[in-house]
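Line by line, the protein sequences give chains A and B. Position one of the first sequence corresponds to residue 52 (the numbering used here), numbered consecutively onward. Position one of the second sequence corresponds to residue 9 (the numbering used here), numbered consecutively onward.
Among these hints, one or two may not hold up.
[What the hints assert, rightly or not] 27 Å max Cα-Cα, derived DSS-like pairs, lysine-lysine:
#, chain 1, residue 1, chain 2, residue 2
1, B, Lys522, A, Lys92
2, A, Lys55, A, Lys91
3, B, Lys57, B, Lys18
4, B, Lys522, B, Lys583
5, A, Lys106, B, Lys236
6, B, Lys583, A, Lys91
7, B, Lys236, A, Lys59
[As the list claims (entries may be wrong)] Have a look at the derived ranges for each label pair, beta carbon to beta carbon:
#, chain 1, residue 1, chain 2, residue 2, range
8, B, Gly392, A, Arg87, 43 to 53 Å
9, B, Ser55, A, Val57, 52 to 62 Å
10, A, Gln125, B, Glu412, 47 to 57 Å
11, A, Arg87, B, Gly300, 27 to 37 Å
12, A, Glu76, B, Phe466, 28 to 38 Å
13, B, Gly541, A, Leu123, 34 to 44 Å
14, A, Val57, B, Glu412, 51 to 61 Å
Derived from the structure by calculation, the hints contain no laboratory data. Beta carbons are placed, not taken as given, at the ideal position from N, Cα and C, and that holds for glycine.
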Amino acid sequence: MAGKIVVKFYGLLRRQLRTPAIEIESSELSVMELLRLAEKKTGQSFLDELLDPEKKLLTGTIILVNGENVRLEQNLETLVRGGDTVDLFSPAGGG
Amino acid sequence: MNGWMGKIAKIDLSSLKQETVSISSETRRRYLGGRGLGVKLYTDLCSAKTDPFAPDNALIFMTGPLTGTMMTSGRYQVVSRSPLTGTICDSSSGGSFGAVLKSTGLDGLVIQGRAAQPVYLYVHDGGIEVRDASGLWGLNTQQTQKAIQEQTSAKTSVACIGPAGENRVLFAAILNDKDRAAGRGGMGAIMGAKNLKAVAATGGQAVAIADPEGYKTLNARIDRIVDKNPVTGKSLQVLGTSVLVNIINAHGMFPTENFRRGVFNDAEGTSGEKIAETLLQRQSACYKCPIGCGRTTRTKNKHGEGPEYETVWAFGAQLGISDLTAITEANYACNELGLDTITMGSTIGCAMELCETGAWKEKMLWGDAGKLLGWVEDTAYQRGIGSELALGSKRLAEKYGRPELAMQVKGMEIPAYDPRGVQGMALSYATSNRGGCHMRAYMISTEILGHPVFLDRFSTAGKAEIVALFQDISALVDSAVLCRFLQIAMGISTFTDMLRVVTGLDFSDDELMKIGRRVYTLERVFNNRAGFGRRDDTLPPRFFNEELQTGSSRHRVVRLEEMLDDYYSVRGWDKEGVPLPRTLAELGL
């Protein structure tokens, strides 16, 4: 389904990109494809904050699609559609 | 001797008798120090019938073999029986007090008795002086530290109580090095009951290192590991622990208005990102810590330390408050008055729900930021409704006939992760030896943050084994003594390396994990004797019966019974949660 996908940035990623969120108009695509579009739209490369050199999720990276962790789905191949919200958290911790 | 200083001082405040004792090499090797050795010494001295406020109760300040050596080794543990929970309790604090106490030539301090009038202990290379503290009684923690430094030396590190401890508030904290707190379990109230205002230390003795070359190489390696890790090397420095606010809220398990909801609509406004943009002056760090997760902040009127994640939650979402200034100033007040922020905030939230239901005929309303500071101050001085808030949530809710509204385990308030969204954390809370605490086994690490591996937070499968493992390694790190944030970047083998180069003993990973297990089991044995068992290894009924309604944990409840028997089995305990004879024999207990 085509439509707007909301991509939200948190933590260090937000500080780097200086924006809390962007919208991407697209039909169904994978999370990986969405990340590349988000890089294009923000004009900044940030994949290194989330992925390792082999383009796999870094330990500690959290990507939620409508609140569901993509690690419980198809990781970066998880499909995203118009109307979805995607939260991107670079590795973080606390307690 | 390498690692340890080899001496523990015992002091009786009633008789003013002092003695110095050594701990056998076998006991040191079996319990290390900190929490482990503290619990061992406590259970040898006191019984499960000991009243926490009685003179014969022991209050133990302990360092460990790594204290004063590696990075993050300024910490210390305070061990006693908690007046809040009645369980064994150890409370941990950062700063530099642990390293300074050890530099006086002592591994720890065992305090019994009750002074005839207020005193403080001044521990230095030459011994321990019991000094008059009549003029300090009534001062807040910041004033107390400054006054003692003026009376002794600017280099003195001071662990002290404020008015809350003097007034025996059941969740009074001990503050040291300005704003570092041994927060949980009411250790400050025990100091108050002993008429002990502070323990101050200054010394110049170095810790002997068994393998100086290996130590140097290892330190360089650990430096690289910590620096390279994106959490310890970057996120904690820039955003502090409150970076968790948005993360936990996005998972629908950020407890809101006394855990009735898991999504706080104003989370953004109280997040670590927001604090960094607004209140943050600079980061602050404990002794030899390259991480620096502390926040030095300033509001329009005041300045101080914090808030950390738990405090942002306790005075924020838990109360429906989104005013970051009010949250921060309540944090400053707790530091000055000597109060545990988690129990304070959770108890106010419980009170708000009691008022809303009409069970308590007071007016404490959700979101009332304007009255927050007054409630905190009244609690420390036990005046007005503060004398009721000073009971903590369990006793307060029982008093008004609604015990189920207290969000606690064994009398200690649960922190800022709704267990309905994390099954392993639920088991960790339920089986924690000191009650509703996130630090016994921080399952958020694996179930939410994905360190060291990612586990499905809604699954109960295999969680029992991992909770037990996390409990053991945490007990080990608390006995070493180091900061638990190092666990984000390194595993057990690095801790083993540290202990080997410092002590010269040929520790193995297995032996160290067994030490953690021994400590955890000994704590459990004490709790069993104090009357705690399976019926206490549970959670408030809300978490079993009320589904979360919004957010990504909606329709979830805790499934504790799917994990509890497994957990007891993994632990070698019987169905009632009592360690089996063979388990005790295997651990040498």
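Requested in this report: Against the structure, test the hints numbered earlier, and report the numbers of the ones violated in rising order.
Outcome: Violated: hints 1, 6, 8, 10 and 14.
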